[in-house]
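Using the hints provided, position chain D relative to the given structure of chain S.
Protein sequence lines, in the order shown, are assigned to chains S and D.
Going by this note's numbering, the first sequence opens with residue 1, and the numbers climb by one from there.
Going by this note's numbering, the second sequence opens with residue 1001, and the numbers climb by one from there.
Do not rely on the hints blindly, as some may be mistaken.
[Stated by the list, open to error] With a straight-line cut-off of 27 Å between C-alpha atoms, the simulated DSS-like cross-links for lysine-lysine are: (1) S:Lys26 with D:Lys1301; (2) D:Lys1168 with S:Lys86; (3) S:Lys27 with D:Lys1301; (4) S:Lys27 with D:Lys1168.
Just so you know, the hints here were simulated from the structure itself, not pulled from any lab data.
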Amino acid sequence: MIQELNTEAYDGMEKSGPMMVEFYSKKCGPCKMLSFVLKAIDKLNPDFKIFTIDFDENQELKERLGVTGFPTMLLMNDGEETNRLKGLQQKPAIIKAIEDIM
Amino acid sequence: MKTYDIVIVGAGPAGLTAAIYAIRANMSVLVLDRLAPGGQMINTNEIENYTGVGKINGAELSMQMFEHTQELGVEFDYKTIVKIEDNGQTKTLHCEEDDTPIITRTVILATGTTPRTLNAPGEETYTGTGISWCAICDGAQYRDKNVLVIGGGNSAVEESIYLAGITKSLTIVTMFDLTADPKACDQLRAMPDVTVYPYQEILEFTGGEKLEGVRFKSTKEDAVERHVRCDGVFEYIGLQPNTDIFGHLNILDKMGFIAVDDEKKTVVDGIYSAGDVTSKKLRQIVTACSDGAIAANAAAKYVDSLKA
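Same shape as in the complex, but just chain S (with noise of 0.2 Å):
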């Protein structure tokens, strides 16, 4: 499941169990790459959660967790990250590291 939240949607949804959150720009050619990886990677395993959130629309949300560039996925479990990977990753990269929260 890929859907795109908000600081708010974010701020207020029930974080339990392992989950994605990509912070991506629409200006970035490697975040819009990504997007067609994680589309795949979905058709894979679309029990997996994967939020995806505008950098540039969510400041203040991106401060708080740290993020300084994008693409930038976060892995996390019950709502604590437990990994990060920084800019485009090889597919199997990906899975992988999905794999290792799942």
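Relative to chain S, chain D alone:
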């Protein structure tokens, strides 16, 4: 173990076009890339000069090209090649990700280029934490801050125009004068809080835990030395070919690019090359695609001759 007819290293426009022509020539084809399809196109926000598509985002064009290869049944894998062995009528490729060698009758090297670095003191220290090679990727964190750009060509000037719109101040330091298209240079010079220092040599990136500035010196007679404080640096000083692992094949020219003939053949039978990594005058998506088609055509003919 399977022997492919054509293995293509690099999934940028050259590699992807080579794949299309190769599979349509009834070759068994494998395309490898260490990251994702697209090559340099991924980092290009707006492409306006690829025939027939008008204005398109680089990543979107990358995916369109990639999906074209997938519709034709091209095999693709994420692999970082670390060694190529020439065994005459076959080549063996070794990758970083696992121990399984890849055997093929021909290879098309389409590995592209990587932005150049200065190798100046402090550069390695602050790489990724103050020094970047991609304004679109990393520029946002310098909103209302002081930024320095090194370089004066088209990429440097275009990215400087983008940065000047979001930063507090922009300093451009370049080896010669600005050499980009005159219209872009004029646009940049007219923007507020932009200072250009031409004919400079970078001496050092300074700072403690964080980058604090750049020291540089004029290459003119006055040899004036300056230290400009900045929060971030972007380098746009040209591209270097991704050919580190091909030296032993003796296929490189003096600048490290792969030397090819009109059919994109190297001096080694069965090894071809296409795209930005080759010695050529114009490095554009359209010329990369053309190279890929020519290389695949030549490789397919060679494979047919081996099988005859």
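Each hint, compared with the structure:
Annotation: proposed proximity of S:Lys26 to D:Lys1301 is violated, straight-line Cα distance about 44 Å (limit 27 Å). Distance check on the hinted pair: D:Lys1168 and S:Lys86 sit about 26 Å apart at the alpha-carbon level, within 27 Å; holds. Between S:Lys27 and D:Lys1301 the alpha-carbon distance is near 42 Å, which puts this suggested pair outside the 27 Å criterion. For the proposed pair S:Lys27 and D:Lys1168, the alpha carbon gap of about 20 Å is at most 27 Å, so the pair holds.
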